[in-house]
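A.B. asks: Spelled out from the first residue to the last, the chains are:
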Amino acid sequence: MDYREVETTAEYVASLETGADWRAEIESLADDVEADAAWFTALGAVQDAELWFYDQDECEYYPIEFDEPLEVAGCVGNVSLLDDDRFAHTHAVLSDDEGTTYAGHLNEATVWAGEVHMRVFEEPLEREYDETTELDLWL
Amino acid sequence: MDYREVETTAEYVASLETGADWRAEIESLADDVEADAAWFTALGAVQDAELWFYDQDECEYYPIEFDEPLEVAGCVGNVSLLDDDRFAHTHAVLSDDEGTTYAGHLNEATVWAGEVHMRVFEEPLEREYDETTELDLWL
Amino acid sequence: MDYREVETTAEYVASLETGADWRAEIESLADDVEADAAWFTALGAVQDAELWFYDQDECEYYPIEFDEPLEVAGCVGNVSLLDDDRFAHTHAVLSDDEGTTYAGHLNEATVWAGEVHMRVFEEPLEREYDETTELDLWL
Numbered sequence: 001m002d003y004r005e006v007e008t009t010a011e012y013v014a015s016l017e018t019g020a021d022w023r024a025e026i027e028s029l030a031d032d033v034e035a036d037a038a039w040f041t042a043l044g045a046v047q048d049a050e051l052w053f054y055d056q057d058e059c060e061y062y063p064i065e066f067d068e069p070l071e072v073a074g075c076v077g078n079v080s081l082l083d084d085d086r087f088a089h090t091h092a093v094l095s096d097d098e099g100t101t102y103a104g105h106l107n108e109a110t111v112w113a114g115e116v117h118m119r120v121f122e123e124p125l126e127r128e129y130d131e132t133t134e135l136d137l138w139l
Numbered sequence: 001m002d003y004r005e006v007e008t009t010a011e012y013v014a015s016l017e018t019g020a021d022w023r024a025e026i027e028s029l030a031d032d033v034e035a036d037a038a039w040f041t042a043l044g045a046v047q048d049a050e051l052w053f054y055d056q057d058e059c060e061y062y063p064i065e066f067d068e069p070l071e072v073a074g075c076v077g078n079v080s081l082l083d084d085d086r087f088a089h090t091h092a093v094l095s096d097d098e099g100t101t102y103a104g105h106l107n108e109a110t111v112w113a114g115e116v117h118m119r120v121f122e123e124p125l126e127r128e129y130d131e132t133t134e135l136d137l138w139l
Numbered sequence: 001m002d003y004r005e006v007e008t009t010a011e012y013v014a015s016l017e018t019g020a021d022w023r024a025e026i027e028s029l030a031d032d033v034e035a036d037a038a039w040f041t042a043l044g045a046v047q048d049a050e051l052w053f054y055d056q057d058e059c060e061y062y063p064i065e066f067d068e069p070l071e072v073a074g075c076v077g078n079v080s081l082l083d084d085d086r087f088a089h090t091h092a093v094l095s096d097d098e099g100t101t102y103a104g105h106l107n108e109a110t111v112w113a114g115e116v117h118m119r120v121f122e123e124p125l126e127r128e129y130d131e132t133t134e135l136d137l138w139l
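Residue numbers (full-length UniProt numbering), protein chains in the order written: chain A, 1 to 139; chain B, 1 to 139; chain C, 1 to 139.
The hints are simulated quantities; they were obtained by calculation from the structure and are not laboratory data.
It is possible that some hints are incorrect.
If you want the footprint, here are the derived chain A segments under chain B, 3+ residues with CB under 8 angstroms [to be verified]: (1) 15 to 23; (2) 47 to 56; (3) 93 to 103; (4) 121 to 131.
It should be emphasised that the depicted structure is a prediction, and the values quoted were computed from it without experimental measurement.
Here a beta-carbon is modelled for each residue, glycine too, at the ideal position from N, C-alpha and C.
Please take these sequences and the hints and turn them into a complete structure.
C.D. replies: Below, the structure written as C-alpha cells:
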C-alpha cells in the first residue's frame with residue numbers, strides 16, 4: 001500500500017447543470033479552480049448513463065448503457081492528471097423507479113440534477129501505467 | 001455548473017439512536033450544531049425504509065417502501081435551508097440478507113445503528129424552486 | 001443521537017496493493033499513521049469479496065461470498081479501537097460485469113485496485129458492546 005499525506009487548499013460545493021455531462025461537469029469544476037488533485041462525493045439524478053466494467057482477465061473496459069432516468073444514489077471519485085489533462089475518476093451507484101440498482105465506473109451520464117462536494121489538495125496526483133492491472137494509477 | 005468555495009467551521013461524528021428516524025436524526029444533529037449548510041456521509045443499518053424516486057417526466061416523487069431490515073451500505077447528502085427549515089437531502093444504498101441492493105432518495109427509515117460524519121460550512125445553502133427540474137436546488 | 005466534535009490532524013490518499021486484503025490495507029494505513037479514529041471513502045475493484053449481513057432478530061452476522069471480479073462502486077467507513085486494535089468498519093457497494101449490484105458490510109476482499117481518502121481525528125473512537133443491538137458501537 002502506498003500513501004501520501006495531503007494538504008487541502010480549498011473545498012467547494014457545486015450544482016451541476018441539467019443537460020450537461022456528469023463527469024465533464026466535475027472536470028470543468030477542477031479546471032476552473034485549477035485542481036490537479038481532489039477528492040469528491042456527490043448525489044443527484046441523471047437522464048441516461050454509461051458505466052464501464054473492467055474485465056480483469058482481458059484488462060479491458062466494457063461499456064454498459066442505460067437509456068432511462070436514474071437516481072445517482074451515491075458517487076465518489078477523485079481528480080488527478082492523466083496525460084497532462086485533469087481526469088475525474090468517477091464511480092457511481094444508480095437506481096431506477098423500482099429502486100433497482102446498477103453501479104460501477106461512470107464514463108458519462110446526462111445530468112438531471114447533481115450536488116457535489118470537492119476537496120482540493122495542494123500536491124498533484126499523476127496517473128501512470130501500472131503493469132499488473134494495466135490501469136493508470138496514481139502513487 | 002454553479003459552484004461556491006466553502007469554509008468548514010466544524011466537523012462531527014454521530015451515532016444515531018436505534019428506533020429513531022434516520023433523516024430526522026441527521027437534521028437533529030444539524031439543528032443542535034446550528035448547521036445551515038453541511039455535507040455528510042454515513043453507514044449503518046435500518047429496520048425499514050422509504051425511498052423516493054423522482055419521475056423526470058411527471059416531475060413528481062413516487063415512494064418505494066421496504067418493510068424489512070436492511071444494511072445502509074452507503075449514504076451521502078447535505079444539509080441546507082428549505083423554506084427556513086434545515087433539510088437533510090439524503091441518498092442511500094440499502095441491501096438485504098442476500099446482498100441485493102436498493103437505492104435512491106431516502107425519505108425515512110428506522111435506525112438500527114448509524115454512524116455519520118458531517119462537515120459544517122460557514123455560509124448557508126438555501127434551496128429555491130428550479131423551473132427546469134421542478135426541484136428545490138441550491139446555488 | 002450522540003455526537004462529538006472532532007479535530008482533523010491529518011488527511012491521506014492511499015493506493016491499495018493488488019492481491020492484498022481491502023480492509024487489512026485500510027487498517028495497515030491506520031496503523032502506519034497511528035490513527036485511533038478516522039473516516040474514509042474509497043473506490044476501486046476487487047477479485048472476490050465476502051460481505052456480512054447482520055440479522056437484527058438473531059443479532060448475528062451471516063457471510064455472503066462472491067468469487068468473481070467486482071467493481072467497488074463505493075466504499076465508506078471509519079477507523080476506531082475495538083478491543084485495543086484498530087478496526088476499519090467498512091461498507092461497500094460492489095458491481096459485476098452487467099452492472100448488477102451487491103452491497104453491505106465488507107469483511108474481506110482481494111484488492112485489484114483501490115483508491116482511498118482518509119481523514120484522521122485527534123481523539124480516539126472506542127467501540128463498546130451495545131445491549132440493544134448487540135453490536136460494538138462508538139459514542
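A.B. asks: For each hint, tell me whether it holds in the structure or not.
C.D. replies: We went through each hint and held it up to the structure:
no.: 1; hint: 15 to 23; in the structure: holds (count 5)
no.: 2; hint: 47 to 56; in the structure: violated (count 1)
no.: 3; hint: 93 to 103; in the structure: holds (count 10)
no.: 4; hint: 121 to 131; in the structure: violated (count 0)
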